[in-house]
Every structure is written in C-alpha cells, then in structure tokens.
Amino acid sequence: MPGMGALKPWHIAVLLCVVVTAALVVGLVALLVKRSGRR
Numbered sequence: 064m065p066g067m068g069a070l071k072p073w074h075i076a077v078l079l080c081v082v083v084t085a086a087l088v089v090g091l092v093a094l095l096v097k098r099s100g101r102r
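Each residue of the sequence shown is one higher than the one before, starting from 64 at the first, in our numbering.
These aren't lab readings, by the way, just hints derived from the structure by calculation. Glycine included, every Cβ here is placed at the ideal spot set by N, Cα and C. Take the hints with a grain of salt, since some may be wrong.
Under the rule of at most 20 Å between Cα atoms (straight-line distance), these lysine to any residue pairs were calculated in the SDA-like manner [said to hold, decoys possible]:
#1 97 / 86
#2 71 / 89
#3 71 / 81
Computed spacing ranges between beta-carbons, pair by pair [what the hints assert, rightly or not]:
#4 97 / 75: 28 to 36 Å
#5 101 / 69: 44 to 52 Å
#6 101 / 72: 38 to 46 Å
#7 95 / 74: 27 to 35 Å
#8 71 / 92: 30 to 38 Å
#9 69 / 89: 26 to 34 Å
#10 69 / 97: 41 to 49 Å
#11 69 / 100: 43 to 51 Å
#12 74 / 94: 28 to 36 Å
#13 72 / 100: 38 to 46 Å
#14 99 / 77: 29 to 37 Å
#15 96 / 73: 46 to 54 Å
#16 69 / 98: 39 to 47 Å
#17 99 / 69: 40 to 48 Å
With these hints in hand, go ahead and build the complete structure from the sequences.
Here it is in structure tokens:
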C-alpha cells in the first residue's frame with residue numbers, strides 16, 4: 064500500500080462505520096444486561 068500515512072476518504076468512512084456499529088452493539092448489550100440482569 065503506497066502512502067500509508069495518508070488517510071483516504073473511504074478509510075474515514077470505514078472507520079466511522081466500525082465505530083458506529085460498535086457503539087450500537089455496546090448500547091444494545093448494556094440495555095439487555097440492565098433489563099435482564101441486576102435488580
């Protein structure tokens with residue numbers, strides 16, 4: 064890969080998608096744990 068230091072637009076888009084997906088998954092898991100877990 065030439066120019067490893069340079070961030071390309073699709074790199075940013077992929078990173079954003081990954082971050083958003085991870086945040087959604089973490090939020091869902093937290094909700095489930097709260098709902099079914101400790102009372």
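Evaluation of the provided hints:
{"no.": "1", "hint": "97 / 86", "result": "holds (16 Å)"}
{"no.": "2", "hint": "71 / 89", "result": "violated (27 Å)"}
{"no.": "3", "hint": "71 / 81", "result": "holds (16 Å)"}
{"no.": "4", "hint": "97 / 75: 28 to 36 Å", "result": "holds (33 Å)"}
{"no.": "5", "hint": "101 / 69: 44 to 52 Å", "result": "holds (47 Å)"}
{"no.": "6", "hint": "101 / 72: 38 to 46 Å", "result": "holds (44 Å)"}
{"no.": "7", "hint": "95 / 74: 27 to 35 Å", "result": "holds (32 Å)"}
{"no.": "8", "hint": "71 / 92: 30 to 38 Å", "result": "holds (32 Å)"}
{"no.": "9", "hint": "69 / 89: 26 to 34 Å", "result": "holds (30 Å)"}
{"no.": "10", "hint": "69 / 97: 41 to 49 Å", "result": "holds (42 Å)"}
{"no.": "11", "hint": "69 / 100: 43 to 51 Å", "result": "holds (45 Å)"}
{"no.": "12", "hint": "74 / 94: 28 to 36 Å", "result": "holds (31 Å)"}
{"no.": "13", "hint": "72 / 100: 38 to 46 Å", "result": "holds (41 Å)"}
{"no.": "14", "hint": "99 / 77: 29 to 37 Å", "result": "holds (33 Å)"}
{"no.": "15", "hint": "96 / 73: 46 to 54 Å", "result": "violated (34 Å)"}
{"no.": "16", "hint": "69 / 98: 39 to 47 Å", "result": "holds (45 Å)"}
{"no.": "17", "hint": "99 / 69: 40 to 48 Å", "result": "holds (46 Å)"}
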